[in-house]
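Chemist: Take a look at the letters that make up each chain.
Number of protein chains: 2
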Amino acid sequence: MAKIVVDVMLKPEILDPQGTAVGAALPRLGFTFAKSVRQGKRFEIEIDGDATPEQLAQVEKAAETLLANPVIETFTVRVEK
Amino acid sequence: MAKIVVDVMLKPEILDPQGTAVGAALPRLGFTFAKSVRQGKRFEIEIDGDATPEQLAQVEKAAETLLANPVIETFTVRVEK
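Residue numbers (our numbering), protein chains in the order written: chain A, 1 to 81; chain B, 1 to 81.
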């Protein structure tokens with residue numbers, strides 16, 4: 001059984017209100033390390049057996065179709081142990 | 001400038017309605033690779049300079065306080081190049 005992780009983030013040029021809100025809240029809580037914060041989605045997909053290149057290609061297509069909006073978001077697909 | 005990534009996922013025993021919905025939609029779109037799908041949040045935090053152990057400890061505290069709800073969620077903190 002393998003775990004494929006798809007990370008979906010807004011494109012840099014797109015305004016990220018959630019990330020901005022988190023970035024503004026951190027100093028109020030006493031945390032001063034952040035220059036900027038962006039928030040996105042993480043999908044953990046469990047599949048039977050090891051991840052074959054065909055399956056990874058399928059996951060890429062599913063990410064384009066369902067998990068991310070390619071107009072405003074970018075995504076990365078990787079296998080996680 | 002370093003990028004620290006905080007991944008927040010629901011604990012395994014907690015029902016994940018969004019992940020379940022994605023898992024149910026995939027076969028309808030012709031994707032049959034997924035045994036299960038779980039959805040979580042991904043935070044990309046940019047900081048000045050390299051990530052020191054003190055800053056990573058601060059990020060952990062911020063994750064416990066603001067980014068995740070420790071009652072129902074788990075989180076991981078890592079530095080991404």
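Where hints are given, some of them may not hold.
Repeated chains share a single entry, so a pair holds when one copy, or any two copies, can fit it.
To be verified - Listed below are the simulated SDA-like cross-link pairs for lysine to any residue, each with C-alpha atoms no more than 25 angstroms apart in a straight line:
# : residue 1 : residue 2
1 : Lys35     : Glu80
2 : Lys11     : Thr52
3 : Lys81     : Arg28
4 : Lys61     : Ala25
5 : Lys11     : Gly30
6 : Lys11     : Asp48
7 : Lys61     : Thr74
Hints listed in this document are in silico derivations from the structure and should not be mistaken for laboratory results.
Chemist: State for each hint whether it applies.
Modeler: Going down the list of hints, with the structure as the test:
no. : hint          : result
1   : Lys35 / Glu80 : between (28 angstroms within a copy, 15 angstroms between copies)
2   : Lys11 / Thr52 : neither (28 angstroms within a copy, 28 angstroms between copies)
3   : Lys81 / Arg28 : neither (37 angstroms within a copy, 28 angstroms between copies)
4   : Lys61 / Ala25 : between (36 angstroms within a copy, 14 angstroms between copies)
5   : Lys11 / Gly30 : neither (29 angstroms within a copy, 27 angstroms between copies)
6   : Lys11 / Asp48 : between (32 angstroms within a copy, 21 angstroms between copies)
7   : Lys61 / Thr74 : within (13 angstroms within a copy, 28 angstroms between copies)
Against the hints set out earlier in the document, violations occur for numbers 2, 3, 5.
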